[in-house]
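> Chains as they are written, first to last, in full-length UniProt numbering: chain A, 1 to 398; chain B, 1 to 347.
Think of the hints as simulated: they come from the structure by calculation, not from any bench.
Glycine included, each C-beta is placed from N, C-alpha and C at the ideal position.
Be aware that a few hints might be false.
[To be verified] A partial selection of chain B residues facing chain A, derived with a Cβ cut-off under 10 Å:
(1) 9
(2) 38
(3) 42
(4) 43
(5) 95
(6) 153
(7) 156
(8) 249
(9) 252
(10) 287
(11) 289
(12) 292
(13) 293
(14) 307
(15) 319
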Amino acid sequence: MTQPTSTRLSRRTFNQLGLGAALVATSGGRSFAQAPEIVIGAASPLTGVFAFAGVEGFEGARDHFDWVNRQGGVAGRKIKYIAEDSGYRVDNAVAIFTKLTSQNTIPIFFGDSTGFQKAINPELNRRGTTVMAGASFATEIDDAAGFPNQWIPGPNYSDQLRVLLRYIQAQKRGASVVLVNSDTEFGRDPIVAAEQEAARLGLNVVEKIITQPGSVDVSGDVLKIRRRNPDYVIFHGYVLQPIPEFMAQARQAGMTSKFMGTFYSTDSLMMSRAGAVADGYLGVSCYNFDPNAPGSQMALVREFNGTRVRTNAYFQGWTNAMIAVETLKRTIAANQEFNAVNLMKAARSIQNYDTGGVVGVPVSITRNSIPVGRIYEFKAAEKRLVAASDWMTIAPTS
Amino acid sequence: MRIATAKESYAADEALFKTDTQRVWFAALIVALFAYPLIGSGYWMFLAVLVMINVISTTGLNILTGYTGQVSLGHAAFMAVGAYCVAFFDGRFGTPVLLNLVIAGAIAAAIGILVGLPSLRIKGLYLAIATLAASVILHFVFLNWTPVTGGLRGLNVPTASVLGIELATPERLYWLIMPIAVVMVLAARNLFRTRIGRAFIAIRDRDISAEIIGIPLFKYKLISFAISSFYAGVAGGLWAYLFRVVTPESFPALASIFFLAAVIVGGAGTIVGAIFGAVFMTLVPELLKLIAALITPWYPDAPIYLAPVRNVVFGVLIVGFLIFEPMGLAEMWRRIRRFFALWPFRT
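All chains should be modelled from the sequences, with the hints used to inform the complete structure.
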């Protein structure tokens with residue numbers, strides 16, 4: 001039996017179908033002339049105790065990369081930003097790093113914590129392919145010899161304390177200070193440096209208090225502070241609790257001490273939750289909280305967010321992304337391949353760099369960090385942080 | 001239907017593998033473990049290594065909790081002891097890897113005996129709190145015994161090296177950790193064919209009756225704590241070689257809950273349950289993460305919104321197991337085996 005002519009498949013028709021299928025199959029793919037994407041990976045703490053900062057940090061980096069891609073990318077190469085939730089756990093973050101780097105070539109990776117950045121450091125050094133930045137401001141990581149493949153997007157915790165103490169010294173010579181630190185690696189980090197700096201400045205550290213990071217009953221510790229009646233109380237190593245509780249009980253006891261804090265507790269949203277007791281709280285940050293601050297990058301932040309108030313962590317993510325892009329640009333401009341040595345050479349060449357207003361002064365990567373800070377005061381009535389000092393740069397030798 | 005499984009002697013009834021089918025499956029498992037590196041990439045090798053460390057630790061806790069009935073919330077602290085021991089001895093004296101692991105297990109066991117001392121007088125929730133308190137004390141030691149533990153900054157661990165071969169990657173560490181995991185799981189299985197293991201089970205089932213029939217409770221409870229802690233110490237030591245840094249925050253109290261949950265979800269009082277529990281608790285969050293990653297290309301903000309959902313799903317899965325399969329995954333496994341053993345008859 002012969003097939004009807006209309007359904008017979010000739011050799012020519014078969015070839016035409018094959019050609020058509022091949023064209024359709026490849027039409028969605030990348031053309032040969034198109035430059036490959038640059039993949040930047042991240043282990044972000046999107047859940048867990050650090051999620052408040054993790055989400056903001058993720059969004060800050062995402063927004064900046066989004067803008068860079070809209071401008072055509074880095075030397076024509078788009079950024080592909082892949083972030084996964086670590087839950088602020090070292091083993092999860094290591095799993096994410098291992099997974100993403102085994103699936104992609106990743107020149108720059110963003111970490112989620114001091115623990116992870118320390119844990120992965122030997123692996124970074126062994127690989128020599130990837131450099132890292134992240135959410136940690138640990139003093140230990142600010143060591144170009146021990147951590148040759150990492151940078152910190154701001155001042156380390158010891159330098160943050162130095163900024164606070166220099167502000168105190170400018171306000172009141174010989175002032176008395178109480179240090180309140182959480183009983184964590186994060187919390188205890190700058191104690192020794194703070195004591196040395198206070199001694200150098202002629203300030204008196206009259207008490208050191210170590211508490212659990214989320215403690216609720218702080219009445220005993222408040223009593224200790226009250227007995228000392230210091231001019232300033234500096235908190236470090238907390239997200240929010242127990243800072244409001246300390247301040248509330250101290251105010252009820254009639255104390256007039258000024259309260260201060262470091263990076264992760266310098267947050268207008270969290271202080272707004274604390275309410276009127278947080279009025280006058282002084283925090284250190286290296287980012288610009290002035291909603292009308294000049295500069296191209298600050299204009300972009302406003303463009304992305306409108307009236308939405310962003311926290312330190314958002315700017316930290318944005319700054320990490322900005323340094324990452326600048327590092328990639330400089331490496332490409334020097335016609336060098338992406339490896340840890342070339343990337344860190346490019347990152348360390350960032351000197352007197354204009355951040356477009358995100359940091360109010362030109363910044364330089366010194367050791368592994370950007371040792372610049374500024375004091376902000378929380379105005380409870382306006383629910384915002386306003387600048388209380390000028391920008392201060394901490395010299396590496398101090 | 002499987003036939004001819006009648007046992008003619010006590011030894012046959014107590015054999016490690018009772019049927020040829022079991023021997024074949026065990027052989028297949030060993031072959032699979034040796035073949036796995038041929039197909040596993042870096043990430044999957046990392047997960048395999050992490051699962052095996054968790055299997056060792058969960059097996060240890062299962063010996064104490066599942067088989068001896070002693071609740072412990074300090075298991076992660078014993079792992080930390082092992083991790084610090086490895087970091088200290090390898091970093092300070094450069095002692096061989098296997099010796100470090102034995103030392104880690106031995107010191108963890110010694111501390112386990114100390115922590116187990118109250119177990120004769122207290123049990124249940126009271127013992128749980130006592131072990132939790134012990135973990136708080138150990139955390140204090142890790143934080144403040146700076147010359148040994150490195151204080152808050154912790155210790156860096158040198159790369160594991162066996163016979164001059166550096167085990168710097170999960171692919172290489174697999175060949176150290178896999179055999180140790182297999183040997184320790186088999187050792188645990190064998191333990192319950194001995195007088196000691198039977199004493200543990202007797203104590204769990206009814207401690208007063210056990211004492212009446214001549215089992216010295218105190219001795220055997222302490223042995224159980226020692227063996228359990230030994231497993232935790234070795235697991236902690238291997239963890240240190242994998243992550244190569246140990247800090248006081250490396251093993252939070254929540255990690256003890258993780259292992260307790262692994263014992264319960266897997267099936268308390270069964271060796272295979274510890275394996276299933278450790279695999280479930282380690283891999284299910286990764287699988288759920290994989291689903292989020294698949295959606296990300298179409299929905300870039302998926303990580304933000306799906307990450308909490310993933311935790312909720314994981315929590316619901318655990319609760320679901322407790323409600324619908326309180327005997328754990330091991331019971332499901334037993335039913336599957338029974339189905340094939342009795343097929344085509346109803347089970």
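> Could you run down the list of hints and mark each one as holding or not?
Cross-check of the supplied hints:
1. Taken as an interface hint, residue 9 of chain B does not check out: its beta carbon lies about 46 Å from the nearest beta carbon of chain A, beyond 10 Å.
2. At about 16 Å, the closest approach between the beta carbon of residue 38 of chain B and any beta carbon in chain A exceeds 10 Å, and the interface hint on this residue is violated.
3. Residue-level restraint check for residue 42 of chain B holds (minimum Cβ-Cβ distance to chain A is 4 Å; threshold 10 Å).
4. Residue-level restraint check for residue 43 of chain B holds (minimum Cβ-Cβ distance to chain A is 4 Å; threshold 10 Å).
5. Among the interface hints, the one on residue 95 of chain B is violated; its C-beta lies about 19 Å from the nearest C-beta in chain A, farther than the 10 Å criterion.
6. Taking 10 Å as the C-beta cut-off, the interface hint given for residue 153 of chain B holds, the closest approach to chain A being about 6 Å.
7. For residue 156 of chain B, the suggested interface contact is upheld, since its CB lies about 7 Å from the closest CB of chain A, less than 10 Å.
8. The interface hint given for residue 249 of chain B holds, since its Cβ lies 6 Å from the closest Cβ of chain A, which is under the 10 Å cut-off.
9. Annotation: residue 252 of chain B was flagged as interfacial toward chain A, and the flag holds, the nearest CB pair being 9 Å apart, inside 10 Å.
10. The restraint placing residue 287 of chain B at the interface with chain A is violated, with a minimum CB-CB distance near 12 Å, outside the 10 Å limit.
11. Taking 10 Å as the C-beta cut-off, the interface hint given for residue 289 of chain B holds, the closest approach to chain A being about 6 Å.
12. The beta carbon of residue 292 of chain B comes within 8 Å of a beta carbon in chain A, closer than 10 Å, and the hint placing it at the interface holds.
13. Because the beta carbon of residue 293 of chain B sits about 7 Å from the nearest beta carbon in chain A, less than 10 Å, this interface hint is met.
14. A least Cβ separation of about 4 Å between residue 307 of chain B and chain A falls short of the 10 Å threshold, and the interface hint therefore holds.
15. The interface hint given for residue 319 of chain B is broken, as the beta carbon of that residue sits about 18 Å from the closest beta carbon of chain A, more than 10 Å.
Going down the numbered hints, you'll see the structure goes against 1, 2, 5, 10, 15, while the others check out.
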